[in-house]
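Visitor: Quick note, the sequence shown lines up with residues 8 to 113 if you use the numbering used here.
What the hints contain is simulated information worked out from the structure, not anything from laboratory work. Among the hints, erroneous ones may be present.
Straight-line distance between alpha carbons at most 25 Å, and here's what the computed DMTMM-like set of lysine to aspartate or glutamate pairs gives [unchecked claim]:
no. : residue 1 : residue 2
1   : 29        : 43
2   : 84        : 69
3   : 84        : 48
4   : 84        : 43
5   : 17        : 97
6   : 38        : 22
7   : 56        : 28
8   : 23        : 35
9   : 93        : 74
10  : 38        : 65
11  : 84        : 22
12  : 93        : 107
13  : 17        : 107
14  : 29        : 48
15  : 111       : 73
16  : 93        : 22
17  : 38        : 55
18  : 23        : 80
In this text the structure is predicted, and so the values were computed from the model without any measurement.
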Amino acid sequence: MTTSLGAKIKRHRQEKGYSLDKLAELTDSSKSYIWELENRDARKPSGEKLTRIARALEVTTDYLLDESEEPGDAVLKEAFFRKFSKLDPDDQAKINQMIDAWGKKD
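Hey, can you work out the whole structure from these sequences and the hints?
Guide: The following block contains the structure:
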């Protein structure tokens, strides 16, 4: 099943609980521009806008442009790494300790 760029933006925006206004604010866009992306397939955002939208929705630009319905494993890992990279070093260290502890369960 294929999913359009607009449908993906709308679905992920709603999953995050963002209004059109909130996503517009996060991406330095207008509310009407986000609405048009979601509802009119003819709109094609610039690379810069697409990158801002992907970051705000915590997905990749590749995923948004791909017609696959669900993000693949690589997309999910990249989104996790982006979130992890934004944490302060102490929190990163705590997460690394948890990962190490879970890895020793064998």
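Visitor: Confirm or reject each hint.
Guide: Now the hints, each set against the structure:
1. A C-alpha spacing of about 15 Å is found between residue 29 and residue 43, which places the hinted pair at or below 25 Å, so the restraint holds.
2. Between residue 84 and residue 69, the direct Cα distance comes to roughly 13 Å. Compliance with the 25 Å bound is thereby established for this hinted pair.
3. Note on residue 84 and residue 48: the hinted pairing is violated, with a Cα-Cα distance of about 28 Å set against a maximum of 25 Å.
4. Taking the CA atoms of residue 84 and residue 43, the gap is near 29 Å; set against the 25 Å cutoff, the hint is violated.
5. A distance of roughly 34 Å separates the Cα atoms of residue 17 and residue 97; the hinted pair therefore is violated under the 25 Å criterion.
6. Between the alpha carbons of residue 38 and residue 22 the distance comes to roughly 18 Å, so the proposed pair stays at or under 25 Å and holds.
7. Simply put, residue 56 and residue 28 have alpha-carbon atoms about 15 Å apart, close enough for the 25 Å limit, and the pair holds.
8. For the hint linking residue 23 to residue 35, the alpha-carbon distance of about 18 Å falls within 25 Å, and the restraint holds.
9. The straight-line distance between the Cα atoms of residue 93 and residue 74 is roughly 29 Å, outside the 25 Å bound, and the hint therefore fails.
10. With a C-alpha separation of about 19 Å, the suggested pair residue 38 and residue 65 falls inside the 25 Å cut-off, and the hint holds.
11. As the CA atoms of residue 84 and residue 22 are separated by approximately 18 Å, the hinted pair is consistent with the 25 Å bound.
12. The suggested pairing of residue 93 with residue 107 holds, with an alpha-carbon distance near 20 Å, which does not exceed 25 Å.
13. Taken as a hint, the residue 17 and residue 107 pair is broken in the structure, with Cα atoms around 37 Å apart against an allowance of 25 Å.
14. At roughly 21 Å between alpha-carbon atoms, residue 29 and residue 48 fall within 25 Å of each other, so this suggested pair holds.
15. For the hint linking residue 111 to residue 73, the alpha-carbon distance of about 37 Å lies beyond 25 Å, and the restraint is violated.
16. Distance restraint check for residue 93 and residue 22: the Cα-Cα separation of roughly 21 Å lies within the 25 Å cut-off, and the hinted pair is therefore satisfied.
17. Simply put, residue 38 and residue 55 have alpha-carbon atoms about 17 Å apart, close enough for the 25 Å limit, and the pair holds.
18. In summary, the hint linking residue 23 to residue 80 is supported, as the alpha carbons are separated by about 19 Å, within the 25 Å threshold.
The structure fails to meet hints 3, 4, 5, 9, 13 and 15 from the earlier list, while all remaining hints are met.
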